Amino acid sequence: MVKFYAADLDATFAALADPTRRAILARLASGECSVTELAEPFDMSLPAVSKHLRVLERAGLIARGRTAQWRPCRIDAGPLKRVAEWTEDFRRIWETRFDNLELYLQQLQAKEKTHGGKRRSK
Amino acid sequence: MVASGAANSETFKVTTPSDTEIHFTRLFSAPRHLVFEAMSKPEHIRRWWGNLGDGYSVPVCEVDLRVGGKWRFVNRHPKGDAEFYGVYKEINPPGRIVFTEIYAPFPDAESVVTATLTEENGKTRLNATSTYPSKMVRDMVLSTGMEKGAATSYDRLDELAMELAKRS
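If you read the protein sequences in the order shown, they are chains A and B. The opening residue of the first sequence carries number 1 in my numbering; numbering runs sequentially from there. The opening residue of the second sequence carries number 1 in my numbering; numbering runs sequentially from there.
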């Protein structure tokens with residue numbers, strides 16, 4: 001099993017906490033593109049976009065080409081996938097933890113009553 | 001077992017007493033000793049924990065109910081297994097239990113859960129506080145939607161992450 005540490009988790013979430021960076025990732029999810037292309041919809045300067053890209057790169061959420069002069073950005077789905085799995089696993093546990101326990105307790109008590117009743121009737 | 005329309009649902013409240021804590025409270029229509037048993041005996045835990053119906057089960061449910069004893073639950077779901085484990089720190093039936101909890105893929109994100117059960121007008125109130133190693137981890141657990149309608153900055157991230165997980 002791949003282990004993922006809380007420090008990585010913090011870096012991933014700090015990077016994802018910003019709406020512009022999430023929008024950049026959403027754009028990259030449909031394919032790699034250049035910094036110039038990324039800057040267009042955001043009405044931001046290239047240095048500002050580059051700054052966001054550095055944060056995303058440090059968090060391991062994107063990778064940047066080294067060979068081509070335009071250094072295309074592409075998404076690395078690995079950390080996001082692990083975060084998504086965590087989220088899904090936790091949601092399932094939390095969804096069931098309380099209401100399921102309540103329903104189960106009702107079943108337990110109903111069973112106790114039925115058994116108790118039978119014993120008394122003998 | 002699919003939990004819908006369970007009694008006392010509306011008594012479930014989530015608050016954040018500090019940057020690294022989540023506090024939960026809920027009433028249960030059952031005596032305190034029964035709630036404690038349902039939360040601490042494997043034959044009961046298997047029946048309700050992480051069980052959303054067909055395709056879900058709890059293949060591993062180990063409970064060594066003594067101070068320093070370990071617990072380990074595995075939730076099998078249609079996409080795989082989710083493992084949680086920890087150690088019991090305090091056990092005082094039927095009123096109080098303290099344990100650590102770790103989600104296996106994130107072994108250093110340990111939380112400490114302090115749960116108390118008190119009697120309240122013939123019902124039992126559970127108060128539980130989970131303490132996380134950082135605000136980030138705490139916020140992430142909050143973002144999983146345990147409290148329906150909880151507004152967090154991670155809502156959209158979650159959608160995005162799910163979308164990506166489906167693709168890869």
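No lab work stands behind these hints, which were simulated from the structure alone. Values in this document were obtained by computation on a predicted structure and should not be read as measured data. A portion of the hints provided could be inaccurate.
A partial selection of chain A residues facing chain B, derived with a Cβ cut-off under 8 Å [unchecked claim]:
| hint | residue |
| --- | --- |
| 1 | Glu32 |
| 2 | Val35 |
| 3 | Trp70 |
Pairwise CB distance ranges (calculated) [to be verified]:
| hint | chain 1 | residue 1 | chain 2 | residue 2 | range |
| --- | --- | --- | --- | --- | --- |
| 4 | A | Gly31 | B | Pro93 | 32 to 42 Å |
| 5 | B | Gly95 | A | Ala29 | 42 to 52 Å |
| 6 | A | Ala63 | B | Glu120 | 26 to 36 Å |
| 7 | B | Lys135 | A | Ala110 | 26 to 36 Å |
| 8 | B | Leu65 | A | Ser34 | 51 to 61 Å |
| 9 | B | Asp64 | A | Pro47 | 31 to 41 Å |
| 10 | A | Lys51 | B | Lys41 | 36 to 46 Å |
Even for Gly, the Cβ is constructed at its ideal location relative to N, Cα and C.
Flag every earlier hint the structure violates by its number, smallest first.
1, 2, 3, 4, 6, 7, 9 and 10
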